[in-house]
Amino acid sequence: MKPALVLLCVVVLSLSACAQVERAETTSDRDEDATGARLYAQHCSACHGNYGRGGVGVPLALEDFLGSVNNQYISRTIRLGRPGRVMPPFPRLTDQEVQEITEYVRSFHWADEPIFSSEPVEGDPELGAKLFIAFCARCHGANGEGGAGTGVSFSRPTFIPILAPALNNAGYLASATDQVIKRSLTLGRERTPMRSLSAMGLREQNINDLVSYIRSFETLSADRVVMKRPANAVLVRQSPYSYEQTIENIKQAVANNGLSVVREELLGEGIVDPGEGERKQHVIYFGSLQMISDGLAHDPRMGLFLPGKITIVEHAGKIKVLASNPEQYTTLFNNIALSDFATMLHEIYQTILAEATS
Amino acid sequence: MTRWLMAVLLLMVSGSLWASDLLMVRSQLAFAEAQPRLEEEINALGYFTANARRVDIDLVGAGFARDAHRSITYGKPDEIKTLSERYPELTPFLPPQIAIIGERGESLLVALNPLYLAEIFPHSELADIFERWHRDLQTILENIRDAR
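Taken in sequence, the protein lines are chains A and B.
Position 283 of the first sequence, counting from 1, maps to 283 under the working numbering, and the rest follow consecutively.
So the mapping is simple: the working numbering equals the position in the second sequence, first residue as 1, plus 1000.
Among the hints, a few may not be true.
For each label pair, taking beta carbons as the anchor points, the in silico distance ranges come out as [what the hints assert, rightly or not]:
no., chain 1, residue 1, chain 2, residue 2, range
1, A, C139, B, P1122, 43 to 49 angstroms
2, B, P1122, A, K228, 16 to 22 angstroms
3, B, R1148, A, V261, 38 to 44 angstroms
4, B, P1077, A, K318, 21 to 27 angstroms
5, B, E1119, A, E264, 50 to 56 angstroms
6, A, K318, B, Q1028, 46 to 52 angstroms
7, A, S118, B, R1148, 40 to 46 angstroms
8, B, R1086, A, D95, 40 to 46 angstroms
9, B, H1123, A, R195, 30 to 36 angstroms
10, A, R195, B, Y1087, 54 to 60 angstroms
11, A, G258, B, E1033, 35 to 41 angstroms
12, B, T1082, A, E355, 27 to 33 angstroms
13, B, H1123, A, E265, 25 to 31 angstroms
Since the hints were made in silico from the structure, they are not lab data.
Ideal placement from N, C-alpha and C gives every residue a C-beta, glycine not left out.
Bound-form chain B, shown alone (with noise of 0.2 angstroms):
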């Protein structure tokens, strides 16, 4: 039992580190139908999308049967415009994005979680607003995940 109590404290200090770097859900809405709801609840919540990227080159033809890949950029341009500025060392990460795979008749929809962000930047300025790009990217791909 001690053996096994140090083997979880072990792990859970490690793991700590990294859980819930990504936010992922599944949506049981089809890619083509996924991709245009997506973009609808992003602006709902006041951020602005750019064209959606295709990333899927030749993942079907390497043996996965996943029909579809894109990845969207959103942000509000005051934001984005402000913190690329003050704040070069978050451009790599800016716009935020999220990618959308079709996975057999249903999506999954993967993005960074700003609060990983908000370990990586510790600013205290940033803090709240990752917190609420946080709230805002949960609401957005639960209401993803919900739709039928």
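Chain A extracted, bound-state conformation (with noise of 0.2 angstroms):
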């Protein structure tokens, strides 16, 4: 298929799932001081928007999407998220609440949940390993990873409403029973790129032997998401230099490595009077436009941390230069698609850190 027609594809599903939700948005009689509307607006409509619309979350207002996973998907999925995927679990929220939450989701179209089997599907993983790579790698990757990026999140143009979730996440796994997944396969997902299995031509032994492949994802430990929050979340260096002469090194620091002091300024300009004592709390910014930009292409919450941030202190006599650690920047986002960004960012800071202090 030719760029231009894979391009139209995805406006005119775009456009067709912005229609459905409109009209899920003006024609549901959905209580909108109940308990799940509170809940769904503090917790997750950041993300999913306001009546289930989408933006940075995938759009949840899809009769199609309610129509083919029953409240137990929606419960886990909010009580355990996607690790690494931006979706964060809820581990706080009490049963009752996770369950006001999934009843006001379900209500955002007239769909009745679908009634599940709980038993599982029994196929050859063998066999599904070879349809997988013929029929689902490509959109949802080799090993099950998912789409590009971090899937449904700040990492894809905002028209395009979903994008291949990744398989082989412990969240994903943990929330849709086999069941669920068959029925995806088979009948596939309106108004996404989520295409008929069956349609395609596949038989429904062949469809049990993909789903069987996809719950092995369970047992590999490869292409797992882990997170885990570095030992130190901030790089701390002490100078041998006197104060002055450290935020030099810093600045020269900067420019060795290719970058430019955005800005500096005394920690809390703006906030605390600059004429109160000799403060000795410096803070240099910096970056490159190449640099912020990929922070933000990958997350745009980077901007919380970007252009980079070092500052330099007199403290007990000493002079120290600190950053945040970038390594704890996937964990903090739960985005693994930060994951080489972070690598390099906390590469960089520990180059300028080490040269401006040895």
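Mind docking these for me? Both chains are given alone in their own frames, and the hints should help you get the complex.
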């Protein structure tokens, strides 16, 4: 299929999805003062949009989505999230609160909750693996790691409503029963790029084999997302130079690494009166257009940490240079797509701090 | 069922480490209204705000349909001064800030949860401060979320 035709399909699907969401928005008789609505506004609307119309996260108010997953899928997704794929877990919500949100999400469309058997699907995962490569890997990745970037996240243009989810994600596998997966494979998802494999000629046994293979991701350690905070949230180095010299060294090290000082100021400038005493707390913001643009493209919330920031302080007669450790950003934003960028940023910080203090 | 329970338990243990490290809300106010309203809400709780900083360099050019992206730092002068002098390791996170991102006529607000700072800087003296910052930040964000 030519790229232009693919783009046209995506645009048409997007418009169709939007129209469906708008319809749900205007025709539903939801109680917006109910507990579920309040909890949804508090915990979900930032990403999934008011009325479930999507944004950062997937649009939830789609008839075919709500018609193809049961409440258990929604509840477990709320509870467990999708490790590394932006959707956070909500372990502190009570069961009652999760249920209230689930019922509110269900109210986005008039589709009844589908009933699924709890019977596991019996299939041959080895045969399923071959079918997966032929029918699924192009969108869902060779190992079920999902579409490029972070799937449905900040890191894709907003005109695409849905990207292929990570089927090997522990949160997904714990939320979707075999029968839920089988339903999606068999019938596809209307108004998304997910096509019906049945319509593409696969028989029920083929689809069972595929379900067995997808389920087998639970036991594979390779390519699974593991989110772990670094041991230290702050990078610190002591400088043998004077306060003033250390500031100059940092600026020189920034330039040595092909980056620019964006601005420099006393810590808390605009908030703390600069005339109060001899504060030795200098902040240097640095970066490049490319670095900032790359970071924001991976996750615009990175604006909390971009441009880069290094503080130089005198404390107890010693000069210290400090920065937040970029290695924590991947877990902080629950976004595995930030991993390479965070590693690169960590190396830049380490290099600058080392150069300035050695 | 046992398999599912094990998966859930594993996820709960790992998930609780980083849940709610960020506070995010969506406001139905457009960016141009949301930004000054945010500053008003911050000031109403006794915090000072510094100039909003642009972070949306080349964002639209990269294909993302967001119309603006700013970061607002805020704090109480004495508190920022005292904390930064007493705890230099806190300075990379001071003053606190809220990022505000325009999105299709609405605004998305994101901030680091002060309780995250309480976890990574477990000093007893700081716990109460971060707890108060957390309460105030929730109030600020909820007021912006509910503003019409």
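Which numbered hints does this structure break? 5, 9
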